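There are 2 protein chains.
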Amino acid sequence: MTTICVDAMGGDERPEVVLEGVAAALAADGELSVLVAGDEDVVVPFCAAHERARALVTTQSIGMSEHPTDAVRAKRDSSIVRGLGAVRAGEADGFFSAGSTGAVFAAATLGIGRIRGIRRPALACAVPGSSGRMTVFLDMGANADVRPEMLVQFAHMGRAYARVALGVESPRVALLSNGSEDSKGSEAAIAAHEALAQAGPWFAGNCEGTDILAGRFDVIVCDGFSGNVAVKTLEGTAKFIMAEVRRAVAGSKRAAAGALLLRPALKSVAESLSGDRYGGAILLGAKAPVLIGHGATSVEAVKNGTLAAAKAVRGHLVDKISEGIGQGE
Amino acid sequence: MTTICVDAMGGDERPEVVLEGVAAALAADGELSVLVAGDEDVVVPFCAAHERARALVTTQSIGMSEHPTDAVRAKRDSSIVRGLGAVRAGEADGFFSAGSTGAVFAAATLGIGRIRGIRRPALACAVPGSSGRMTVFLDMGANADVRPEMLVQFAHMGRAYARVALGVESPRVALLSNGSEDSKGSEAAIAAHEALAQAGPWFAGNCEGTDILAGRFDVIVCDGFSGNVAVKTLEGTAKFIMAEVRRAVAGSKRAAAGALLLRPALKSVAESLSGDRYGGAILLGAKAPVLIGHGATSVEAVKNGTLAAAKAVRGHLVDKISEGIGQGE
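So the protein sequences, as listed, match chains A and B.
For what it's worth, the numbering used here labels the leading residue of the first sequence as 1, then goes sequentially.
For what it's worth, the numbering used here labels the leading residue of the second sequence as 1, then goes sequentially.
No lab work stands behind these hints, which were simulated from the structure alone.
Hints are supplied without guarantee of correctness; some may be wrong.
Any copy, or any two copies together, can satisfy a pair, since identical chains are not distinguished.
Pairs of lysine to aspartate or glutamate, EDC-like flavour, derived with a Cα cap of 16 angstroms [to be verified]:
(1) Lys184 <-> Glu271
(2) Lys287 <-> Glu323
(3) Lys239 <-> Asp211
(4) Lys311 <-> Asp182
(5) Lys267 <-> Glu244
(6) Lys287 <-> Asp319
(7) Lys184 <-> Glu149
(8) Lys184 <-> Glu66
(9) Lys287 <-> Asp211
(10) Lys320 <-> Asp39
Bear in mind that the values here come from a model prediction, so they are computed numbers and not experimental data.
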């Protein structure tokens, strides 16, 4: 039995949405048990009504707009802080929250700690590719300034996650830059390229923003500043296109009819880019798998995030990262 | 009469596509004359057949995959080098090429020089916004590492371009970062934020990748590394979505019917993101307006790029940049 602690208070939606997602995960996975952290009136009735669900009653919750580290320090009885404490204490093997990314990151780093040898944890996500192949992308924004050796660690962590989440045996890693030639990049990117080229034969060189959704590499690494710019630009572009299609539809009956017929396809594309289908973002480098869903919570996102956390536990993600770092591969 | 020099040899398509675009620009603008640079058999017959068109016969052309500065040094009789030489000599007021961005950038910097006081020219483009308002975005990739004072100059140049191209009286400028709070950013972005905050009341603070296509600001500035990541991610996301829609269409008759009806809308969205509708990228900081089209040339892109160059000349873009820099605004 794998136990995942789920934060019932996280996300923009009501806790009911999270609970429905947890119920769906329990139904989908008979070897899963959950520890549900949150307000008594939210978690106790749910756990009474569901097998393999235990309540962790807390009295505080951290909002999406609160300052992450301040909130984590001040709210010791919040669902995020207590939930990660339960993981540290061995009461759960992994954690999922649809709450504030910054707060989960801060609480996890303080609460469950880093894998030995890891300088800085990073945030990763698995993005779809037009080739049908998925790509692990990191850092999504945890570390704005990185040194070359940190990017090498990101590559090791990304490879371990690609093995566990995507089932790729020997993941190939590219470095995001402003051109695919070896000589392209900022000073930091050029130094990172050199360090990665020495790190292993799995390094495939530089890539560009156009490669993120092309499915050409198993892992793409970059600093958290450009990584955040990239994922936010991706999100903004998808939103823009959907809004423009809606605008065209509002102005034309012909287009409206077309949109209706094409709706399942457009919905599927939008979902594939929201990250919810793949469990959201994962914090790599912590001593247990910690998954963070998109703030705009959905039942599907919570279900997939909880299942992805269980998959990372069963795939021994932490051990695989630890081995990669220890051997320098 | 405004004279624009057009590189007939640039771009992925045959010169005929460029010439057709030039003819369309001449037809649309009676106060426009063109100097067409390229091989004799390409440009001479065209200029004989069109009023207000003069030929600049050259014998070399620079390919899209050649090393920019090497090619510019080696090919002194190329359409790009000679065309920009003609601008320097006063034979034309501005330049348009659908060729290699790097080669045009290098040849323009060497050939026509920088506006007095400008440290580094930058590449800008005007992107559409879901609010209906457009945004000038720079640097698209010319300067991977930038100092704070360079970003302040980018802001001045972007504001001048927003006035001329978008007709905005008092353009507001945001800094692209990994969060909208003042404290967010890499060390370089935080230093740039401080410099911009002191530069003028037009500075609106930090923005994120989601804001690029939201039409919230008149100008967004960033270093050329993240800027390149952003525009390439934007391009890649648009491509991914269109490819996914095509894939859905191939698998379903219903979706295919929908796509047919929705085609004009999807085509319009794709075009609005290609940059061709707004004349492509502009090199800001050179002593004359230099426009660079997307490599995948179309008649429309050449027409719009040529007209945009003329508009920049008539709007006194260079003088406006010069004034902004001189006064530190």
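Here is what the structure says about each hint:
For a Cα distance limit of 16 angstroms, the shortest separation of Lys184 from Glu271 qualifies neither inside one copy, at 33 angstroms, nor across copies, at 28 angstroms. For the homomeric pair Lys287 and Glu323, the shortest alpha-carbon distance inside one copy (13 angstroms) is at most 16 angstroms, but the shortest distance between copies (57 angstroms) is not. In this assembly of identical chains, the alpha carbons of Lys239 and Asp211 lie at most 16 angstroms apart only when taken from different copies (11 angstroms versus 20 angstroms within one copy). With identical chains, the CA atoms of Lys311 and Asp182 are never at most 16 angstroms apart, being 36 angstroms at best within one copy and 38 angstroms at best between copies.
With identical chains, the CA atoms of Lys267 and Glu244 are at most 16 angstroms apart both within one copy (15 angstroms) and between copies (11 angstroms). With identical chains, the CA atoms of Lys287 and Asp319 are at most 16 angstroms apart within one copy only, with a shortest distance of 9 angstroms there and 59 angstroms across copies. Taking CA atoms no more than 16 angstroms apart as the test, Lys184 paired with Glu149 passes in neither setting, with 19 angstroms inside one copy and 23 angstroms between copies. Within a single copy, Lys184 and Glu66 get their C-alpha atoms only as close as 38 angstroms, which misses the 16 angstroms cut-off; across copies the closest is 14 angstroms, which meets it.
Proximity of Lys287 to Asp211 under the C-alpha cut-off of 16 angstroms is found in neither arrangement, the shortest distances being 31 angstroms within a copy and 35 angstroms between copies. When the C-alpha separation of Lys320 and Asp39 is checked against a cutoff of 16 angstroms, the pair qualifies neither within a copy, at 35 angstroms, nor between copies, at 60 angstroms.
Comparing the model with each earlier hint shows violations of hints 1, 4, 7, 9, 10; every other hint is respected.
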